[in-house]
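4 protein chains.
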Amino acid sequence: METKRPTTPAAEEILGGYFPVLDHGFVALVDYMGGDEDIERAARVSYGYGTRKTSQTRGLIRYLRRHHHTTPSEMVDLKFHCAMPMFVARQWIRHRTSSVNEYSGRYSLMPLLFYKPDLEHFGLQSSDNQQGRAPEHAPAALYEKTVAHWEKVRAEASRGYRWMVEEDVARELARIDLPLSTYTQWYWKINLHNLFHFLTLRADPHAQWEIQEFARVMAGMLKRVAPLSYEAWIDYNVCAHSMSRAEMAALRRLLEADVDGIRPREGVADLDPKGLKELGLSGRELRELVDKLQSADVPDYELDLSTMRRAEDVAAELEEAVPGSVE
Amino acid sequence: METKRPTTPAAEEILGGYFPVLDHGFVALVDYMGGDEDIERAARVSYGYGTRKTSQTRGLIRYLRRHHHTTPSEMVDLKFHCAMPMFVARQWIRHRTSSVNEYSGRYSLMPLLFYKPDLEHFGLQSSDNQQGRAPEHAPAALYEKTVAHWEKVRAEASRGYRWMVEEDVARELARIDLPLSTYTQWYWKINLHNLFHFLTLRADPHAQWEIQEFARVMAGMLKRVAPLSYEAWIDYNVCAHSMSRAEMAALRRLLEADVDGIRPREGVADLDPKGLKELGLSGRELRELVDKLQSADVPDYELDLSTMRRAEDVAAELEEAVPGSVE
Amino acid sequence: METKRPTTPAAEEILGGYFPVLDHGFVALVDYMGGDEDIERAARVSYGYGTRKTSQTRGLIRYLRRHHHTTPSEMVDLKFHCAMPMFVARQWIRHRTSSVNEYSGRYSLMPLLFYKPDLEHFGLQSSDNQQGRAPEHAPAALYEKTVAHWEKVRAEASRGYRWMVEEDVARELARIDLPLSTYTQWYWKINLHNLFHFLTLRADPHAQWEIQEFARVMAGMLKRVAPLSYEAWIDYNVCAHSMSRAEMAALRRLLEADVDGIRPREGVADLDPKGLKELGLSGRELRELVDKLQSADVPDYELDLSTMRRAEDVAAELEEAVPGSVE
Amino acid sequence: METKRPTTPAAEEILGGYFPVLDHGFVALVDYMGGDEDIERAARVSYGYGTRKTSQTRGLIRYLRRHHHTTPSEMVDLKFHCAMPMFVARQWIRHRTSSVNEYSGRYSLMPLLFYKPDLEHFGLQSSDNQQGRAPEHAPAALYEKTVAHWEKVRAEASRGYRWMVEEDVARELARIDLPLSTYTQWYWKINLHNLFHFLTLRADPHAQWEIQEFARVMAGMLKRVAPLSYEAWIDYNVCAHSMSRAEMAALRRLLEADVDGIRPREGVADLDPKGLKELGLSGRELRELVDKLQSADVPDYELDLSTMRRAEDVAAELEEAVPGSVE
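Chains as they are written, first to last, in the working numbering: chain A, 1472 to 1798; chain S, 1472 to 1798; chain V, 1472 to 1798; chain E, 1472 to 1798.
No lab work stands behind these hints, which were simulated from the structure alone. There may be inaccurate statements among the hints.
Any copy, or any two copies together, can satisfy a pair, since identical chains are not distinguished.
As the list claims (entries may be wrong) - Listed below are the simulated BS3-like cross-link pairs for lysine-lysine, each with C-alpha atoms no more than 27 Å apart in a straight line:
id: 1; residue 1: K1475; residue 2: K1694
id: 2; residue 1: K1763; residue 2: K1745
id: 3; residue 1: K1694; residue 2: K1763
id: 4; residue 1: K1763; residue 2: K1748
id: 5; residue 1: K1623; residue 2: K1763
id: 6; residue 1: K1694; residue 2: K1524
id: 7; residue 1: K1616; residue 2: K1694
id: 8; residue 1: K1623; residue 2: K1748
id: 9; residue 1: K1524; residue 2: K1745
id: 10; residue 1: K1524; residue 2: K1616
id: 11; residue 1: K1748; residue 2: K1694
id: 12; residue 1: K1623; residue 2: K1587
With these hints in hand, go ahead and build the complete structure from the sequences.
So this is what it looks like as structure tokens:
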């Protein structure tokens, strides 16, 4: 269709395409409003006409992000259709500044699709992170036993759900013993400012791996809607680190900077844990500083277009998983 | 403790007391800020001293609510500690303008407590409401079979969770096959304006019965924090109805009002479905109007203080339900 | 440009056109996302393909609005560029659930344009509404004296601003004595749910007349973006009234309704102020009920396309009003 | 009064006291809910009893802030009564996640009090910051001429306002030519998370100096409500800096860190502007990095209790400034 609205060809290319995530989930970009130039336009409160060079737009967008001038990025919106396990949905929904319409288990029959982790991502409790999993996977034998358990619980939960639906038990009750691994789906709309916040937290290695998978696909989508903003986000958020008062004191002790560049201060002594403690850094914070100074890869959330599926095909699969096949 | 802050004796009486909801849930009011007089103070942007008569405060509060001047009621906050089944938590969290800290299944072990509906509230799918349950309960035999199913699924899910925890599987994975009936808990803070919105929707008969039970207890708590606001909410929201353009046209056709009162228009003809349709009322809207004109009970969400429990006792029960008993 | 996004021809027709409001203000719709069908799509969490009849979409949208299912209407966004006097901007900004980028008086030079009410809307303090103006205008002689006062203050404030800017006084200080009638401008993005809330309050006769003027133009714009939602809003919000518990008791006393229609109860006595008081209605509420039962016009916020201006022309006017002509 | 709610003695000491800001403004803490321990309680979703050592609470609060776990800090609320010039109010209100009730110029008569900057803070346009003022004050002669201008405009605006009020012109119109320097006032409630965000932006040297003055007093108040959170905010926000991807690359090139401490890499070469550019740092970003590495004072927003005034005295002053003296 013809439109006078701002349009982004790279976003149009994937609009309405469904990208698989995990075993039965997906993310589709179903609509978007605005792009990098609209952020500039809002920041300048400018009239709709006239043209600017991309290099000027890039400079402004990087300046805005570096200095936390986030309101112009609220002027861009992305709308997604997503399917995810309920335990992922429960983490996701904590991001309040967004709009959601979820598939209703009170009104509709649930597709009986469950998330089964694969061996590669089946880890033991992490020893150094109290809420995550170890980076390496658990023994295959343990995994096999767990899969057997999952299959048993899910078969039993599915059987019960089907039977209750046949007996005409209220759907809002029939579903209460479905497991948290059951897939749900929703429409989700969020502006770019809040999407960046979501992605910064949820594409982070400390987030549960399953929600990271969704975040990575959405990051690839926003890269197509607003590439300059995406690049600024990578540089000033994803790959940036906050240095605390004590850490800044350590850096100032060790380094000097001026218009000619930055260099170690002459004759400066090393800062050992005792010296760092005097500056206010705890032992735990020293370990965190060491981590920050490890070299780190720059992530690239480019979408793999070969995985993109048609809405009809995805819909057919979910409908087949609904008890009684045809609703 | 001594405080110069506004204090409400009726709220202090229940502060920190745990009120049971459903079979293993609870609501406790753990803190509050302000009351009816603070709403008036904010509406008047007045200095902190001076006294007003209760009748003046009541008149203002009723005026504000009747005319949708809701911002002063944002000046009162209530903070709750609650435990509820996860399918209830998922409905609850849709109310975004509030603050939440939920018990983390990634970090902590889940108490293995599940919600089991009793026969009285175990209904078939409603025939006239596409998303609810019938008012009368289902046959006892169907209920018994369902209970057997629940017990089987829950025993299996619990066994698997306990075993995975012993095998040191990451908690964030061990919990993914717990059923939606599993209890979770959270701290929840909300201001009075948004609490009224929540309660209007969730104490309503169209909400799932289980969340209504929570809403009714919270309504009883706010009645103690801000009794005049509570009364105005009952009169102008809970027991009020919106009359559409077409319904107003019908009322104007049938009734006349002036300073001397309100009465049927002389010689007015009845409005039959055809006449109502001409005014814009669909058949479905006529049925809704008939419902509105049925006489309705005025609810009273007074708390039953005899059910109030001590924090220690409630905590002990939940801790006992955690695998391995002592964390 | 070509787009796969949902497009509304009636909205495209006015996109980027500037509609004058008051003497120097304007509203332009600069972007939109979604329309009536996207509300349905979100409510059904449906896949992107397939077609529905308009009559079905209309029925669903009216049902959703009548029953306060407002979340699907959050899925539509409108973005405006507006200019308004600062006293209007201060009322407008109270609507928090929106995104704003305002022209900065710290960074940029202010156009010296001031709002001058015309005689027709220059009223005395209302005698029955403590915060509004009387419906009829004030004497012309009083108006003339006021105009003279305005001109004097504005000339002096403008002279001072120009002089300070020439003296290179910081702009953030030079502007502090500009009057509240000075025009500012902003980009403003809001979703349909919150826009309806804004318009319901600000197109209402109790709002200050000047902000009503803006609300009416925006209502005309949304009528083009989502006509079925607009119609439902008129029927279930703008022309609807809430009937309190006591008012419902009065209606139930006087009327009966069933599937055959609605009619006065046989042999029912009139309700005089005493009887109404027994039902809980105060004297003030009786007057409010009388008002509600007066017949009322149905507003039509259709835009007058003949007033639409080009961005370039509007921009030129504002730029001319900036001190030093060329920035 | 007696309360079972958490109470903070240092906050009680100033509760209801009015702290002057600028020439006629003020901030008073009129209520608060919770403190540091309630943040811990919410983070742990713990029952109300039991005691923790302050050192444990401090460690947790610092950990939460360092790692951006901000939701527990939403559990603390502060309520203020403030008076400020309207141009300050317009910056302040941009912080949306808060509750506001402002004195109404439609309903009430405005006190005719205007903000007059003193010479010390009367600066020219900054040469290196496009939206601020130069650090040193403008020439005294320019200031004197400006004061004369202000006095003239304000006298004329006041005369007009008084006259219109006497003529019974609608208040909502009489006030439209009051200058932006006119004082308004409001009740403002915000949770600690959002207050930190507000203060980080508004106590920052890039904010307009006048709003910084308000932010500093509010920072002193929150230091009394939640001292451990305040300390963590100073260390991890106020005195912290974000290091971008390119800056981190520079730091990694120059420094190495391990459990034994942090030190310059052996034999490392200085990074000159060309080298920094290769790492992705623009010339402007190098200047920003130099600024970050300058040593900086740690601010202490301790309140000066000797300035605290009684509500009655402040109220009397404002009432005297209302036209017609007694409302």
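Now the hints, each set against the structure:
no., hint, verdict
1, K1475 / K1694, "both (22 Å within a copy, 18 Å between copies)"
2, K1763 / K1745, "both (20 Å within a copy, 24 Å between copies)"
3, K1694 / K1763, "within (25 Å within a copy, 30 Å between copies)"
4, K1763 / K1748, "both (18 Å within a copy, 21 Å between copies)"
5, K1623 / K1763, "neither (44 Å within a copy, 49 Å between copies)"
6, K1694 / K1524, "within (19 Å within a copy, 36 Å between copies)"
7, K1616 / K1694, "neither (41 Å within a copy, 53 Å between copies)"
8, K1623 / K1748, "neither (53 Å within a copy, 56 Å between copies)"
9, K1524 / K1745, "between (52 Å within a copy, 25 Å between copies)"
10, K1524 / K1616, "neither (60 Å within a copy, 43 Å between copies)"
11, K1748 / K1694, "between (42 Å within a copy, 24 Å between copies)"
12, K1623 / K1587, "both (12 Å within a copy, 21 Å between copies)"
Comparing the model with each numbered hint stated earlier shows that hints 5, 7, 8, 10 do not hold.
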